[in-house]
Structures are given as C-alpha cells and as structure tokens.
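Asker: Residue strings, one per chain:
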Amino acid sequence: MEIELLAFGIAKDIFGNGIQKITVTYKCSIKDLKQELISKYPKFQDLASFAIAVNSEYQADDFVLSVKDEIAIIPPVSGG
Amino acid sequence: MEIELLAFGIAKDIFGNGIQKITVTYKCSIKDLKQELISKYPKFQDLASFAIAVNSEYQADDFVLSVKDEIAIIPPVSGG
Amino acid sequence: MIDIKLSPETLNLESCNVFVADPAAGAIVNFIGTVRNETKKQKVLRLEFEAYEKMALSEMKKIANQALEKFDIKKIALHHRTGVLDISEIPVIISVSSAHRKAAFLACEFIIDTLKQSVPIWKKEFLENGEYWVSATP
Amino acid sequence: MIDIKLSPETLNLESCNVFVADPAAGAIVNFIGTVRNETKKQKVLRLEFEAYEKMALSEMKKIANQALEKFDIKKIALHHRTGVLDISEIPVIISVSSAHRKAAFLACEFIIDTLKQSVPIWKKEFLENGEYWVSATP
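Chains as they are written, first to last, in the numbering used here: chain A, 1 to 80; chain B, 1 to 80; chain C, 1 to 138; chain D, 1 to 138.
Rather than coming from a laboratory, the hints here were simulated on the basis of the structure. Take these hints with a grain of salt, some might be off.
[What the hints assert, rightly or not] Taking beta-carbon pairs under 10 Å as the criterion, some of the chain C residues facing chain D (in silico):
| id | residue |
| --- | --- |
| 1 | 2 |
| 2 | 15 |
| 3 | 17 |
| 4 | 99 |
We treat Cβ as the ideally placed atom computed from N, Cα and C, and that holds for glycine.
Starting from the given sequences, assemble the full structure and let the hints guide the process.
Answerer: In structure tokens:
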C-alpha cells in the first residue's frame, strides 16, 4: 500500500520535502516502516533516533499502520 | 550608658515607638541587651526569637555595643 | 486551567502572567527561554523553530495537564514560538501560579524538561560555518 | 551584575527582565510573589510590609552576591515592595538569567529562600479578626 509521510526537521531535508509518499506492505508495522525508510534513505541511519507519530500520537514499533492514518516522522526534538 | 534602639515590626509595637532609648551598662554585650530588654519589656519573651543588628549587620551575643553604633532590634523577618 | 499557544508572533510574558494570576496564588514562576549567542563555543547567528503544529499543541497540553496532576499548582500558561528568531528573542515562556512557591518552581522545571523531550518542535542553528538541526545526529 | 530595589511603588517585572537580559543567556527565571487571599484558612484582607531599609538593601545585595558566587548565572534583579498591598499585588520579584536553565532555577529559589530568612522586612497580615505580624510569635 502507498502511505503518505509528514516529515519535519532533518527528516524533511532527507526527503527534500515535507510530504513523501512511500510504498509499504499491507499491515506494515512501525518497525517495518523504519526499516523501509532506512533502506530507501540510508541517511535515516545517521540520526540519533527517530520516532513515528500516528494521528499526532507517538506509537511503538508494533503499531500497525493503515492508509487513512496521518503518519509523521519525528526526528530528535529540540524545542524550548 | 544610654543607647538608642531602632525597632521594627512587633518590636515597634512593644515599645509603642520606632526609636527607644534605654540605659545599659558600659561595655554592654548583645546578650546583656537582650536580657535588659526582656526584663524591662517582658513581651519580648513571647517572640519566636529576636536578633540584634549593629550598623546594619547581624551580630552575635558576645558583640559589645558602643554608644555610636546604630543598634536595631530584628524580630523574626517575614519578607517575600 | 491551562493556556497553550504556538505562534510565529513575539511571545508576550505579561499575557501569560495575567492568565495565571489568581487571588489564591502566592507565587508565580516564569521560565523564559532566550536565544543564546553561542553554542559549544561557536557563534550563533540566529535560530529557526519548526513545529508539527497539531501534535505539538496536543503534546504541550498533555504536559500541562500532567503538571496540574503532579503538583499543587493553580494555572499554567505555555507559549512556544515558531519561525526565525534572533539572539535574545524568546522561543518559549512558561508561567505557573501556585499557593506556595515550591510547587510552582517544580512544575515550571518539569514542564520545560518534558517539553524538550517530547514536543515535536525542531530547532535549526545558523552558525558561521553552516546550518544544523540541533540533536538530530549523535 | 545585580540590580537591587526596595520601593513603595508597584514593582515592574519588565524592567527586571530587561536588566537581566544578556545575549549569552539562554534562560531567564522569574519568581513573583503575590498576595494570597488566605492564610491558614483565614481570609486575608491586605498585607503591610515594613523594612529596615538600609539593612534590607545591604542584606539583599549580600544574597545576590552569594547567588552569583554559588551558581553559574549572568545577572540578578531583586526588587521588594514596602507599604500596604492588596490581594494579588506583588511584594517581590526575582529575575535571574543564565546560559543554562538549571542554574537560574536554583539561584532564583536560593534567593527567595534566603531572603525570607535574613532580610529585615516584616509582613503584617490584616485578617477579619485583627492584625498580626507574621512569624513574630511561636
């Protein structure tokens, strides 16, 4: 399935874009998505870490994504 | 010798005045002054504590007073 | 009661303090972040803050509600700036009121510490030798 | 750098923060005391602050200098009010700037804690059943 990823901070620089479409397997988990991202965009491996938020909530690696979700890549935050 | 005492807060209420003259012995220490105050104005004994400042500095019980000093009675402070 | 704001406009300390004022409060503690002219011995020219706005607001609200649960405080204002900020400008203001001061100090520190860990806002430093997303790489 | 003030006039937070602002500061922490409407379950009508002015200023200066020695901070403003204050009015403002926030929080708490122990300022509470000098008797 094709999902749309929101990207911020350094993730946006890696994609060259704030929104990036990517094709993943059906019932793709966050762990699967992270592996897919690292294989397609090796620069993700250089990050200190990155999290995935689904519908504005942090979700763990076993969370399964759906096409309707708003999925965002959250590199290390640095507000304040 | 006669010394002049500045009084603040509840000490001012005890004297009924912000400045009070009092006669003490020559070479009177702060300890002596406190005893003199308690004997002349027993209400000082009701205070949680009181300190004596000489020329705007807290001084300990063994400090010896002189007529030229600015002597102040400092009941428990409560600023802030 | 909480007042959360994320804005490209200059933050206003007075409005935060007016919000948290309470006749039953004996203390207000403010944390005001200010843009430093230096980081790790390098000169900072300016900063840029980018936010995932919807989620940032929801995480800021969560933190404020956690603080209200954890500490005996009255009200919280938590305002964060976005966009380009020059040296000495203010990226964040936290204002907390409480009956007794200790709770307001603890809540204010808790809020800024937690914000820096979880709120999806990113800071880019503009240094003389280039631009860097803070903390992005190890 | 320190700015100490004891005044019968309304205190001004902005002027404190302008004083402590510093391009090398990343944080400003404010403590603002406010008059509470209640003490020990009794309604407070107003407060009156009396100071031994000369000594209060000298003790406030000592505390600020101690804070500068103990903590890695930049500047301090410490303003205290005298006279009669109504509910929600401000008896004290402390403003501290620092490169990193922890030092400003610690210094601000140190200053208010120490002020309450040593600065010769006295607070009279006007309650419905009478007037009391705070902490005067056990």
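Asker: Could you tell me which of the hints above the structure violates, numbers in ascending order?
Answerer: 1, 2
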